[in-house]
Each structure stands twice: as structure tokens, then as C-alpha cells.
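Asks: Sequence:
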Amino acid sequence: MAKSLDELASNGLIDPGWARALAPVGPRIAEMGDFLRAETAAGRGYLPSGDRVLRAFGAPLDEVRVLIVGQDPYPTPGHPIGLSFAVDPHVRPVPRSLANIYRELADDLGLPTPDHGDLTPWSEHGVMLLNRVLTVRPGAPASHRGMGWEEVTDHAIRALVARGTPLVAILWGRDAQNLRPLLGDTPVIESAHPSPLSASRGFFGSRPFSRANALLEAQGGEPVDWRLPATPSTRHPVARSAE
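The letter at position 181 of the sequence shown is residue 191 when you use the working numbering, and the numbering goes up by one with no holes.
Please note that a few of the clues may not be correct.
Distance windows between CB atoms, simulated [to be verified]: (1) Ala228 with Pro87: 29 to 37 angstroms; (2) Pro70 with Gly194: 19 to 27 angstroms; (3) Arg106 with Glu41: 32 to 40 angstroms; (4) Pro103 with Gly149: 33 to 41 angstroms; (5) Glu41 with Leu119: 19 to 27 angstroms; (6) Gln229 with Pro70: 12 to 20 angstroms; (7) Pro151 with Pro103: 16 to 24 angstroms; (8) Arg237 with Gly53: 26 to 34 angstroms.
Because the hints were derived from the structure by calculation, they are not lab data. Heads up, the beta-carbon is just placed ideally off N, CA and C, and yes, glycines get one too.
Take the sequences, apply the hints, and build the full model.
Replies: Written as C-alpha cells, this is what we have:
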């Protein structure tokens, strides 16, 4: 992972608008880069690969209309791609939480279920898929919580709100819902987490996709195209194991 926000933007790893918005937490991002290099030097590694750690900030800040907050990346090498809930196109079967998201997408909007877990098209259509913690040690869920990423992602959420443009936040589960104070007057859709342990307790039937579009239109914004291709695009590189 590059050290400076300017370098990240010049390398095409984050949007220039996000580089400016994240400037106040630039020192923390640099510290996290040092932490990840130390993890690699110690033989522990991290996920996702370095070029994907900040991938949630790759789409233009000005175009974000929906925020979906996750917890931290999948801890299985080759799975996480830097977007919350998404996995590399080759992963089969998709994680159970994502399978439940697809089930609700079909029930809500009548859309077909893709055969992959790559949510890149959503990120290209105004949906920010942001994990609260951006990295994880392979095989060790939640291992990087409390290391510093929360300062970065909390600031990012505040930056989204500060734009004053149409925005809807989708918060699944208690961890995500704890972020509601950061969202000010932003319309929020809350439900249980799509995990198999909780999906039947309020996630199924919550219709987050149609509700998000209705809330966007009520703000004068454009609805999101939630369709996903049946097969993944070949233009997105296959994820590597931890660096």
C-alpha cells in the first residue's frame, strides 16, 4: 500500500476527491500502511491485497448515493476484494451472508441472482461498500479491529454526510447501527444483519434496495441500478493472497 494519499490517487488506487476528503486522517492511513508492512515482515500478512485495501474509496466521492457498512474483510485468502460483503469472482459458493443479500434482492426487486459474489457494479453505480475495518489477518476474523482503521472510516462517513447531497445509509446489524450518530440527518435503513444467524430476525423482508431508491428520489436524487450481471466482468483482476 502506497504511503501518501497523493501517491494513492496518482496510482489510481483512490479517487482524487476522496484523497482530499481523507487528508485530515492521512497520517493515520500512513501509520496503518506501516502496520501492514510490519505484519508482512513478521510473516503474518494481511487481507485484502495491498492494492485493494482502500478500494472502497476508488469510486468518485461525489457520486456516492448509498452507503452500506460492513465489519471487516473476509479472512480467507483470495476472497476479499476491498468492498464490504463482496468476494472475488472465482469464489464458490458465495458467503452465506451474501447469499442472503441476493435472496432479499430477488424478493425486493425481482432481480435474478448472479452466480458470483463480485459487487463491483454496485460500487460503479453510486453504492459505497465500506468495511469499518479495512484489513484482517488471514484466518483471524476481527484481528485488526482497534488498530486504527476506525478513525479513517468514521471520518469517511462524516465526509459523505458533509457533502449535503442525496445519501441513504443501509446499516445491517448492531455494529453498523452503532455508527448512526455519525450520519446526522441522513436517512437510514436498519435491519438485522444478513448473517444466517440473524437474517430471519428482520433482514428478510426489509426491502432495503427499493426503500433506498425511494429515499433517494425523495431527496431529488437518482435511484441506484441494483442489477448485477449473471457472470462477473473479466476486467476486474483476480484477488491475490495476502502480501
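Asks: When the structure is checked against the list of hints, which entries are broken? Sort them ascending.
Replies: Of the numbered hints given earlier, those the structure breaks are 1, 4, 5 and 8, listed in rising order.
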